[in-house]
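Peer 1: In order, the protein sequences belong to chains A and B.
Just so we're aligned, residue 1 is where the first sequence starts under UniProt numbering, counting upward by one.
Just so we're aligned, residue 1 is where the second sequence starts under UniProt numbering, counting upward by one.
Treat the hints loosely; a few may be bogus.
Unchecked claim - Heads up, incomplete: computed chain A residues facing chain B, CB under 8 Å, no partners named:
| no. | residue |
| --- | --- |
| 1 | 1 |
| 2 | 208 |
| 3 | 218 |
Note that these hints are calculated values from the structure, not bench results.
Ideal Cβ placement from N, Cα and C applies to all residues, glycine included.
One-letter residues, chain by chain:
Number of protein chains: 2
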Amino acid sequence: MHTVTLGPEGTYSHRAARTVSDSVAFRPSVTAIVEAVADGSFDRGVVPIENSIEGSVTETLDALAARDVSIVREVVTPITHALLAQAEDFETVTSHSQALAQCRSFLADQYPDVARESVASTAAAVELAREDPSVAAIAHPSTAEQALRVLATEIQDRPSNETRFFVLGPESARSPAGGKTTIVIYPASNHPGLLYELLGPFEERGVNLTRIESRPSGKQLGDYRFHLDLEGGLYEPRIEAAVEAVEAVLDDGWVRWLGSYDVEHAVE
Amino acid sequence: MHTVTLGPEGTYSHRAARTVSDSVAFRPSVTAIVEAVADGSFDRGVVPIENSIEGSVTETLDALAARDVSIVREVVTPITHALLAQAEDFETVTSHSQALAQCRSFLADQYPDVARESVASTAAAVELAREDPSVAAIAHPSTAEQALRVLATEIQDRPSNETRFFVLGPESARSPAGGKTTIVIYPASNHPGLLYELLGPFEERGVNLTRIESRPSGKQLGDYRFHLDLEGGLYEPRIEAAVEAVEAVLDDGWVRWLGSYDVEHAVE
Chain A
1 MHTVTLGPEG TYSHRAARTV SDSVAFRPSV TAIVEAVADG SFDRGVVPIE
51 NSIEGSVTET LDALAARDVS IVREVVTPIT HALLAQAEDF ETVTSHSQAL
101 AQCRSFLADQ YPDVARESVA STAAAVELAR EDPSVAAIAH PSTAEQALRV
151 LATEIQDRPS NETRFFVLGP ESARSPAGGK TTIVIYPASN HPGLLYELLG
201 PFEERGVNLT RIESRPSGKQ LGDYRFHLDL EGGLYEPRIE AAVEAVEAVL
251 DDGWVRWLGS YDVEHAVE
Chain B
1 MHTVTLGPEG TYSHRAARTV SDSVAFRPSV TAIVEAVADG SFDRGVVPIE
51 NSIEGSVTET LDALAARDVS IVREVVTPIT HALLAQAEDF ETVTSHSQAL
101 AQCRSFLADQ YPDVARESVA STAAAVELAR EDPSVAAIAH PSTAEQALRV
151 LATEIQDRPS NETRFFVLGP ESARSPAGGK TTIVIYPASN HPGLLYELLG
201 PFEERGVNLT RIESRPSGKQ LGDYRFHLDL EGGLYEPRIE AAVEAVEAVL
251 DDGWVRWLGS YDVEHAVE
């Protein structure tokens, strides 16, 4: 099973991808990973979808709506951030923008005058800190190794910090089995009560929505796609009937089923 | 009227803030602006809330939910990105992360091998490009002046690119008058049909929701706050009754009214 995820080695995505297979390659962006799975270059892709502090990864939502891939599994991993540097007197803190955001309070309290710089990944930040004594990195503490000191651990704003990753496969890997289902709805219109109408079919069948996320369609302000996660697999008649009922409500819009899948909790 | 917004001079926020007053000061982050208005240092703050391509500005949503300020007006401005540099042979493109994201397709097509680096603002990117011939900036074309060449204009991914800004005031400036209303709901629970229940009071009264956005509460994955924009002011009995009906549905949760306000379209 050839798997692709966000590189370089040592990113949180890499940690999640190792639960899928030992053969892991890297791409620099979520969009590039989704494309590499859609065009058949890899069997599986692992992408972050949501963090318990920072919320949805919008690039992932947009890439999933744009390309034909399927969600085959969800992996939930704990995220533990540490501050790593060669010494205490650094001038810049660097990390992935989500990691910097997740540590906003710590940085404002402890290092109000230190510059922040976002780079492509936590692993890239560690590389910079290894090369430059004036740079500190935010990353998993295990990435410090010999070159860097761990100046502080558990520096994320709130104690519960977990990230959901989706394991993606080609369209042919899509399966109705599993405990969760993700669909994307584009209503192509807006009128009073529209969202209420879209949710009615789930309510009537007792289907729990675990997440709803709106994304701009790009056409104009106020025109959205909705990403919905449901509790239950499409193999269940009530889930299938609810999705069909939503389709029946839409005139010009569409519903896409991205997959049904089970959730795995990775141990740190 | 002392107004504070994202600096330095020449940012899109600065352009929006000039529609509010001529006396504009700068802070480096949305959170700092919201705090400066909450503690009375400034009469007004101007912060971006949503872009038609990139979607919500999550730092703004989180800051509005955390601090006691009010929304007194909305300003919608067109966003026009250009590529600015001293010469064609640059090695890095830099800009605010949202501007880089809004030009993702252009950069992937035209400059696939050029590094991208996000900085605090489009204006900071222009500064870097002025100092360093190996750096290009993405910013409004008017910021090029003599030092930089405009290498390409209208480079954002889709033709319609607008950003909504909120004009913030202290709590005492909150008013029920206006054509739109923003509220934040924290249900403090999740059960099948919860979101449907929350939307019912609006549906029953024919109130249009122009936007719904979920943000993680930070407690655990799957626990959210909802940010709702409604068409209508709280002075209207049907809007007030709908908000009260939502409050009545919640056991342990809460509803916060951030303000009612009118929308102004700024001309580029």
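Peer 1: Hint by hint, which ones does this structure get wrong, listed from lowest number up?
Peer 2: 1
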